[in-house]
Each structure stands twice: as structure tokens, then as C-alpha cells.
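Generate the whole structure from the sequences, applying the supplied hints.
So in the UniProt record's numbering, spot 370 of the sequence shown is number 370, and the numbers just go up one at a time.
There's no promise every hint is true.
Under the rule of at most 20 Å between Cα atoms (straight-line distance), these lysine to any residue pairs were calculated in the SDA-like manner [unchecked claim]:
#, residue 1, residue 2
1, Lys121, Asp376
2, Lys314, Pro265
3, Lys301, Glu316
4, Lys121, Thr159
5, Lys411, Gly146
6, Lys121, Tyr136
7, Lys301, Asn249
8, Lys336, Gly211
9, Lys121, Asn164
10, Lys283, His302
11, Lys301, Ile288
12, Lys297, Glu322
13, Lys283, Thr326
14, Lys283, Leu306
15, Lys283, Lys336
16, Lys314, Lys297
17, Lys297, His287
18, Lys283, Glu322
19, Lys171, Asn269
20, Lys301, Tyr268
21, Lys266, Val299
Beta-carbon label-pair distances, calculated as ranges [what the hints assert, rightly or not]:
#, residue 1, residue 2, range
22, Arg130, His260, 43 to 49 Å
23, Pro222, Glu307, 21 to 27 Å
24, Leu143, Gly74, 30 to 36 Å
25, Met281, Pro222, 26 to 32 Å
26, Thr175, His330, 33 to 39 Å
27, Gln380, Gly74, 42 to 48 Å
28, Glu234, Glu307, 27 to 33 Å
29, Lys169, Asn280, 36 to 42 Å
30, Asn176, Leu68, 37 to 43 Å
31, Pro170, Pro333, 36 to 42 Å
32, Asn263, Lys169, 34 to 40 Å
33, Asp367, Met281, 30 to 36 Å
Treat the hints as calculated values from the structure; they're not laboratory data.
Treat the numbers as computed from the prediction; the structure is a model and nothing was measured.
Virtual Cβ for every residue (Gly too), placed ideally from N, Cα, C.
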Amino acid sequence: MLNLVGNAHPSIWRVVEWWQKEEATISSLRSGSGNAESVAVTQIVKTFECYDPLTGGEIAGIIFCVLLLLAVIGIIGFMVHRNWERVKEYLPSFRGRQPSGEFEPLQPPPERYRLNNESMKRPIVLSAIRDFLRKYHADDNRLFIGEYEDLKQLSPRHTTNSANLDENKPKNRYTNILPYDHSRVILAPMVDEEDSSDYINANYIPGYTYGKEFIASQGPLPGTANDFWRMIWEQSVSIIVMLTKCSENNMDKCEHYWPHAANEPKCYNDLMVNVTSVSNMGKYDIHIMDVCLGDEKRVVKHFHFLEWPDFSAKVETTTLIEFITTVRQHITPDIKGPTVTHCSAGVGRTGTFITVDYLMQYVEDHDLSSQVDIFDWVIQMRDHRTTMVQTWAQYAFIHDCLSEIVERKRKLQNPEENGEVCIDNLAYEPDDLYENTKLGPLQTEL
Numbered sequence: 001m002l003n004l005v006g007n008a009h010p011s012i013w014r015v016v017e018w019w020q021k022e023e024a025t026i027s028s029l030r031s032g033s034g035n036a037e038s039v040a041v042t043q044i045v046k047t048f049e050c051y052d053p054l055t056g057g058e059i060a061g062i063i064f065c066v067l068l069l070l071a072v073i074g075i076i077g078f079m080v081h082r083n084w085e086r087v088k089e090y091l092p093s094f095r096g097r098q099p100s101g102e103f104e105p106l107q108p109p110p111e112r113y114r115l116n117n118e119s120m121k122r123p124i125v126l127s128a129i130r131d132f133l134r135k136y137h138a139d140d141n142r143l144f145i146g147e148y149e150d151l152k153q154l155s156p157r158h159t160t161n162s163a164n165l166d167e168n169k170p171k172n173r174y175t176n177i178l179p180y181d182h183s184r185v186i187l188a189p190m191v192d193e194e195d196s197s198d199y200i201n202a203n204y205i206p207g208y209t210y211g212k213e214f215i216a217s218q219g220p221l222p223g224t225a226n227d228f229w230r231m232i233w234e235q236s237v238s239i240i241v242m243l244t245k246c247s248e249n250n251m252d253k254c255e256h257y258w259p260h261a262a263n264e265p266k267c268y269n270d271l272m273v274n275v276t277s278v279s280n281m282g283k284y285d286i287h288i289m290d291v292c293l294g295d296e297k298r299v300v301k302h303f304h305f306l307e308w309p310d311f312s313a314k315v316e317t318t319t320l321i322e323f324i325t326t327v328r329q330h331i332t333p334d335i336k337g338p339t340v341t342h343c344s345a346g347v348g349r350t351g352t353f354i355t356v357d358y359l360m361q362y363v364e365d366h367d368l369s370s371q372v373d374i375f376d377w378v379i380q381m382r383d384h385r386t387t388m389v390q391t392w393a394q395y396a397f398i399h400d401c402l403s404e405i406v407e408r409k410r411k412l413q414n415p416e417e418n419g420e421v422c423i424d425n426l427a428y429e430p431d432d433l434y435e436n437t438k439l440g441p442l443q444t445e446l
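Written out as C-alpha cells, the structure is:
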């Protein structure tokens, strides 16, 4: 006797490969009886026939659906893998906090972003700067625009994990200008405060002499003015360079983070700031301030440049060079801390200022037969803070400034040459737009 196990279903064909044979049936089969074996086989066949098989169309449909699903999964997996490989090309790994509370340095950028890559070298002979400008300003600045596009493609990229913490997002003036983790200024954590109390949107930037000669910072917000002064105190800052007005074209660019009048001190948490003198120099103001913490007092000089409106390069080369010369005269050997430089986002005008300052010192220390590489220098700054020198117009303006710096040195070397040096600014263009986290819509920034 054959007993098959299974349930018939009109739309599923199930083949049951297990059965039980009664002892008598097994004996009959073993006895060599052809009839018994024939009966057993006939019963199996009849039992199989009770299961309704799928039609050929149904089977083909199922196979097609399975193959389609596998194909979709394969395509998605390939795209995810490919995109992840692209991300890994330029995102160095972030290793988190060390016991000291600081971030471990990031791994070096991949080969195509390393600063010694030959594609990043665009040297200019100082004595040939005039010919260079004629060539690059031709055809509506076509070569400047092209070189700036190369600059954007080759700029290093690093993590911004601290800036993206929920508790730190309100401290960023613009959502797309965030400080890199490896070079950000880390404030001393406040007692009984969250870990986020060490955050400020600012990065160390190299200068001509030191690796941390500057701090590039965004313009303080109403809620970050106290943090700004904490940074000034903790970093032993003696010089602040401000390159924006507090409001431009009816848009907030920077909080008025110092007292409005002389001898009317104002407290920023535990720090008391008092303006002791104000000098209006026409195109910029100089504020001398006493900053006090308890019984300790320090002097901070605040240089507020007023001639750089809400456009990326609408300023005379002579005006900026003379302003930088004045600032440099106040950076004496006894000053220990970095110079804090900021505009609104802390990248456009700030990057331009630092670069021109670098060029002024470079030209002073080198013969006019020497070469200088502005392209490579901007890449180096961008290795520490994103978007330094934010538009091609600012990039071209820097070269215009270099031309005037070179001409000034040439005239010093050749006193018989007379006449004023004034290089026209041929690189005027409005700034890019930034996203303002406070006001919502996009706003123009320098």
C-alpha cells in the first residue's frame, strides 16, 4: 500500500518525494511480483495527476518576475557600490575625538588632491605679471574663469562632522560654509555645558610665516558673539580684521559684536570689552579695545574695512594694499596669537585678504625674477577651510593686486621711474549665493 503525503491545490504543483510503504507492499515488491510493482507505480502516477500543474504562461511569468527582481537588485547594488567608491575618493576618514579632546589629523587627500600634484602648479614669473594679465583678462577673462574652474575641481575636501551636529547647526551662518574638522578652532569646553560648547565656525589658515598665522571665521551671529570673544581670549588674539559691514543691501552680514560707543563697556559672558578709542581713516576704522577677564587685561586692535561692498571684487587694488600695509604695521614681534580675519561667511573676502597679504611679503623677500604660484596657494588655504577665495572675480583681482605690488617694488628699485601705480580692477562680478540658515532663502555674501 502506498501512502503519499501532500495537499492538492488547484494552482500549485507540489511533488511529494516522501511516502510510506506498508510492510505487505514492500514484501510484495521484493518478491519479484510484477503486478504488485505495477500497482504501486500506477498509484504514484495517479496521485501526481491529482495536483493541478501551472500552465506554461504562468511558469514563464513567474520566471520573468524573478529574473526582473534579480536584475533590479543587481543594478541598485552596482550603483551604490560605484557611488560609494566615488565618495571614498575624496572623503578622508574621520577618526573622532582623542583623549586630549582634539581631533586626530585626517588622512592625506587622495592622489588627485595632494598638494604636490603637478596639476596644481601654475607658477608666474613676477617680472612677467603684466604680460600674464593681458593674456588672462582677454576674451572677457576666459582664462581666469577656466583656471578657477580647475581650482574648484582640485580643491581638497574634508569632513565637517562637528558642524553638522544638531546642536551646532544654529551656530552656522550659512549651511554650505562649514569648518573642516581637522583644522577647526576648538574652544575650551565650558563647565556644565554640552560637548558642543567647544564649537565655533572658524579654521586655522597658514600665512607667509606660520602654519597658524590666521584664523578665518564667519561673521558672528547674535547667538555666537560670546563664543567669538572666547576664541579671541583663548587664542591670545591681538588683531581682528573685519571685511564686511554689519548690514549690506538691507541684509544682515555680521552681528555688531563690540560695544557701540567708546567707554561704554559690554560683557560677553565672563569677558568685558571696552572700546578705548576709535580712529576713522576714511576707508576703514580702527578700534582699540580693552578685553578683561577678572583682573587680567589685554589690548585688542580691530580693523574694520569699509570699502568692500556686497560684490566680490569691487574694490581698488591700491585701497586694499594700503589697508593691509596698515594692519601689518601693527603685527609686532611681541604678538603671540593668530590674526582673526572675517567677512560674513569667512571665505571670500577673507581668503582674498590673506592671499594678498601673503603676496606682499613674498614679493618683498624675493627677486622679481622669482616665481610665485597663486593657484597652489589658494589650494593650500582650501585644505584648511572650504571655498577660500570664492569666485573667479576675486581670484583675478588677486592677480591684479600682485601686479601693483610688483610695480611698487620695481619703482623702489628704479627711483628714476615716476608716476602713481594704479591697476584697474578688471574682475568685477557679483558674489555667489549662500544659504542663510537664519533667514531661509538664499542671500548674497562676500
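Structure-based check of each hint:
1. Lys121 <-> Asp376: holds, 6 Å
2. Lys314 <-> Pro265: violated, 35 Å
3. Lys301 <-> Glu316: violated, 24 Å
4. Lys121 <-> Thr159: Roughly 25 Å between the alpha carbons, so the hint for Lys121 and Thr159 is violated.
5. Lys411 <-> Gly146: Violated. Lys411 to Gly146 sits at ~32 Å, over the 20 Å cutoff.
6. Lys121 <-> Tyr136: holds, 16 Å
7. Lys301 <-> Asn249: violated, 27 Å
8. Lys336 <-> Gly211: holds, 13 Å
9. Lys121 <-> Asn164: The hint is violated at about 33 Å.
10. Lys283 <-> His302: Roughly 14 Å between the alpha carbons, so the hint for Lys283 and His302 holds.
11. Lys301 <-> Ile288: holds, 5 Å
12. Lys297 <-> Glu322: At roughly 30 Å apart (the allowed maximum being 20 Å), Glu322 and Lys297 break the hint.
13. Lys283 <-> Thr326: holds, 12 Å
14. Lys283 <-> Leu306: holds, 5 Å
15. Lys283 <-> Lys336: Roughly 28 Å between the alpha carbons, so the hint for Lys283 and Lys336 is violated.
16. Lys314 <-> Lys297: violated, 38 Å
17. Lys297 <-> His287: Measuring from Cα to Cα gives roughly 16 Å; hence the hint holds.
18. Lys283 <-> Glu322: Between Lys283 and Glu322 the Cα gap is close to 10 Å, so the pair holds against 20 Å.
19. Lys171 <-> Asn269: holds, 17 Å
20. Lys301 <-> Tyr268: holds, 17 Å
21. Lys266 <-> Val299: Judged against 20 Å, a Cα distance of about 15 Å means the pair holds.
22. Arg130 <-> His260: 43 to 49 Å: For Arg130 and His260 the Cβ distance comes to about 46 Å; the hint holds.
23. Pro222 <-> Glu307: 21 to 27 Å: holds, 26 Å
24. Leu143 <-> Gly74: 30 to 36 Å: With a Cβ separation near 46 Å, Leu143 and Gly74 fall outside 30 to 36 Å, so the hint is violated.
25. Met281 <-> Pro222: 26 to 32 Å: The hinted range 26 to 32 Å holds for Met281 and Pro222, with Cβ atoms some 28 Å apart.
26. Thr175 <-> His330: 33 to 39 Å: holds, 35 Å
27. Gln380 <-> Gly74: 42 to 48 Å: holds, 43 Å
28. Glu234 <-> Glu307: 27 to 33 Å: holds, 31 Å
29. Lys169 <-> Asn280: 36 to 42 Å: Given range 36 to 42 Å: holds, Cβ gap about 38 Å.
30. Asn176 <-> Leu68: 37 to 43 Å: holds, 40 Å
31. Pro170 <-> Pro333: 36 to 42 Å: holds, 40 Å
32. Asn263 <-> Lys169: 34 to 40 Å: The hinted range 34 to 40 Å holds for Asn263 and Lys169, with Cβ atoms some 38 Å apart.
33. Asp367 <-> Met281: 30 to 36 Å: For Met281 against Asp367, whose Cβ atoms are near 33 Å apart, the range 30 to 36 Å holds.
Hints 2, 3, 4, 5, 7, 9, 12, 15, 16 and 24, counting from the list given before, are not met by this structure.
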